[in-house]
Amino acid sequence: MLNLVKSLINSRIITEDSTSWGEGFGRGLPIIHQESCLADCPKCENTCPTGALKNKVINPRGCIFCHSCLRSCPVNAITETEIPVISSSVSTEQLGQELRSKLKKDCRRSLHIRYVDAGSCNGCDFEINSVTNPVYDIQQYGIDFVASPRHADMLLVTGSVTRNLEIALQKTYEACPKPTLVVAVGACACGGGIFKEAYAAGGGVGKHLPVDVYVPGCPPTPALIIKGILAAIDRG
Amino acid sequence: MCNQPFWKVFSEHPDCDLIKITTNGAVRNIKLGVPVSKFSEAVDMLKKQGAFLVTMTATDKRQQFGIFTVYTVFALPGENTIIELKVVLDAEQPSYPSITPLIPAAHWLEREMKDMFGIIPVGHPDLRRLAVHGDWPEDIYPLRKDFAANTVVPRVTGKLEFCSVEGEGLFQVPVGPIHAGIIEPGHFRFFTFGEDVIDLQAQLFYTHRGIEKAAEGKHYADAALVAERICGVCSASHSVAYAQAIETLAGVAVPKRALYIRTILLEMERLYNHIGDIGNMCAGIGFSFGISRGAMLKERLMRMNMRLTGHRYLRGMVIPGGIQKDVANTSEISSELKEVEQELKKITSIMLASQSLVDRMRTTGILPKEVALALGAVGPAARASGVKRDLRTELPYGAYADFAFKIPTQIEGDVLSRLNQRIEESEQTFAILQQAFLHLSEGALAVELPNLPPYRTAVGYTESARGANVHWVMSGPDNRIFRYMVRSASHCNWPVLPLCVPGNIVPDFPLINKSFELCYACLDR
Chain A
98 MLNLVKSLIN SRIITEDSTS WGEGFGRGLP IIHQESCLAD CPKCENTCPT
148 GALKNKVINP RGCIFCHSCL RSCPVNAITE TEIPVISSSV STEQLGQELR
198 SKLKKDCRRS LHIRYVDAGS CNGCDFEINS VTNPVYDIQQ YGIDFVASPR
248 HADMLLVTGS VTRNLEIALQ KTYEACPKPT LVVAVGACAC GGGIFKEAYA
298 AGGGVGKHLP VDVYVPGCPP TPALIIKGIL AAIDRG
Chain B
590 MCNQPFWKVF SEHPDCDLIK ITTNGAVRNI KLGVPVSKFS EAVDMLKKQG
640 AFLVTMTATD KRQQFGIFTV YTVFALPGEN TIIELKVVLD AEQPSYPSIT
690 PLIPAAHWLE REMKDMFGII PVGHPDLRRL AVHGDWPEDI YPLRKDFAAN
740 TVVPRVTGKL EFCSVEGEGL FQVPVGPIHA GIIEPGHFRF FTFGEDVIDL
790 QAQLFYTHRG IEKAAEGKHY ADAALVAERI CGVCSASHSV AYAQAIETLA
840 GVAVPKRALY IRTILLEMER LYNHIGDIGN MCAGIGFSFG ISRGAMLKER
890 LMRMNMRLTG HRYLRGMVIP GGIQKDVANT SEISSELKEV EQELKKITSI
940 MLASQSLVDR MRTTGILPKE VALALGAVGP AARASGVKRD LRTELPYGAY
990 ADFAFKIPTQ IEGDVLSRLN QRIEESEQTF AILQQAFLHL SEGALAVELP
1040 NLPPYRTAVG YTESARGANV HWVMSGPDNR IFRYMVRSAS HCNWPVLPLC
1090 VPGNIVPDFP LINKSFELCY ACLDR
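Residue numbers (this note's numbering), protein chains in the order written: chain A, 98 to 333; chain B, 590 to 1114.
Simulated from the structure, these hints should not be mistaken for laboratory data.
Bear in mind that the values here come from a model prediction, so they are computed numbers and not experimental data.
Using N, Cα and C, we set each Cβ at its ideal position, and we do this for glycine too.
Hints are not guaranteed to be accurate.
[As the list claims (entries may be wrong)] Label pairs and their computed distance ranges (CB to CB):
| # | chain 1 | residue 1 | chain 2 | residue 2 | range |
| --- | --- | --- | --- | --- | --- |
| 1 | B | HIS1028 | A | GLU177 | 21 to 27 Å |
| 2 | B | PRO714 | A | GLY119 | 52 to 58 Å |
| 3 | B | GLU928 | A | ALA244 | 35 to 41 Å |
| 4 | B | GLU928 | A | ASP114 | 21 to 27 Å |
Start from the sequences and build out the full structure, keeping to the hints where you can.
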């Protein structure tokens, strides 16, 4: 007991915020520099395992950040850039945009999140766990995870929405008060990832729910996940 | 006859067929064709020689040769030998005598083969569905070759199947698949009498994506990306196991520097998992000091991974043939590891000095040694019950033969043993890492692979933070994957976990579950 108290007294605050991340946003999104790219060279497109790279443009939602294209380029015309979080402007939901804006405004300083694993590899989920650790401490933004969808303003979904979780995800979404913000975390949730052609994989959250913000990355770092969550409540 | 090695007895039998004996480093690989009628006898003989089951799977070669084939891989501890039994089955009515009555560790593997291939293990005690759920139509077998990977399979009416548990005053408590915390999905059905758990059954495979099917037909280099993404927190051990299988098929030796870097990756992965789990087990009992200190230390390790490889989960490093990208900041990381080691010592000594923590963990969730052995439990969970089995020393791979380290074990098999096991294993991991960093020599990172011979099989394995991780690969034409089977440590341990819960109370389940720390994604694939 004495050692425990001693250890607590001797510790310092280690929490970081968006002005002081101790590390960057991780492995970046490939970007093709058109000026140095060879016109008829198909190498990067042929090597892309997900088809995210088409006509010399990379779709960040389809990319799994394997950087095969970077290595395939004979003239080094591909480099990496910070992964963007993507706000989706098209909402298929019937509820008015006005109500959504009000929700975002109301939740700016107090947001409750229900997390759902819809078939991820556990990587994104570990990183979501990390945002609650003392270093990232997501509670400093007034954001917390809740156990019930009934208490949630936002669904944070990882995974490609597998066949066996499709119904569970739908039910969780229906149990949330409307309107509900939906944030898709990770390459599988954003575009189906590398398994998207498999019979049980599901192809990503966008095919099943209206998504407000996509956070690409394989997995996205905790800092990027926080950035995505804040973007969804217009605090980006 | 008993003094003669098992495989010799069979290879001299007129019906059996010794396919190949090869050596891979210090490990001997024996491949033996056995007729269906002799299969049980062969398995029984192996069992009597002390062999343990490594993996078991099937292939559909009806288009090429008009047959189904079942491959069963065993390891003979002490003899550095892996034995693969090949059994050819009829294309129309594929069935064979189940080996589960002989080797209970095979029971989920056989059920999975039934779901995926429609191959019937005759005499299996429990042929309920496992990998496909109740809404999957009968007679659709996704790993058969006439099933296209992108098929949209309709849903039929069906429900979860549980073995019945009946009695006055018994309640059923359904939990999941979506859980309250930030954890993976699975359905647990508790049968309780008051707070006491009488029985626990789990319905898993919710995150089943069809990874093995997705890998089929891919070039082996592309399938490596799939291997790396089976599980987030076992990325390195999956990708190394896969790479080793491909390297065995290609018959190449990996450069020494690459082997050492792989060791560093595998041990860094073990370390962040073990330290994360040590902290997380405190979450099972609400010991806040351990939770936050464990999480902080784990975060520090994740950032060290980032500086070392550019990825917090060590992805994008391992390729078949070696290593794709060199490690950076090695001297800085190796000295920081010493600080982490001291910090871990401090935290765990404070944890273990807490009487309330020890009280909750002692005698909770006991896994008896006999059960661990019979059901083929692996990893820290098995070692905490006194089963001294670790593939790093049992069937040495990579560079592990170069390092001095011990395999700690415990006796009791309760939650506290599994905590102590992780603490002691972490100490050994620090030792391995220091040796690997010290002796990391200059040299090539990878070798070019020749074309893979088609329709050959190979097995690659690693000891991940959770236990044996086995990748079995059959090559196809044009360097493509014909069949890919992944048996992770979680596949071995998931059937074991529910057996440790009855006799405890419902609120102890999260603690017991955390002490095993199994992956769902690794199992479900």
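Against the structure, the hints:
1. HIS1028/B to GLU177/A: 21 to 27 Å: With a Cβ separation near 32 Å, HIS1028/B and GLU177/A fall outside 21 to 27 Å, so the hint is violated.
2. PRO714/B to GLY119/A: 52 to 58 Å: Holds: the Cβ-Cβ distance is about 54 Å, inside 52 to 58 Å.
3. GLU928/B to ALA244/A: 35 to 41 Å: Holds, at about 36 Å.
4. GLU928/B to ASP114/A: 21 to 27 Å: holds (25 Å)
Violated hint: 1 only; the structure is consistent with all others.
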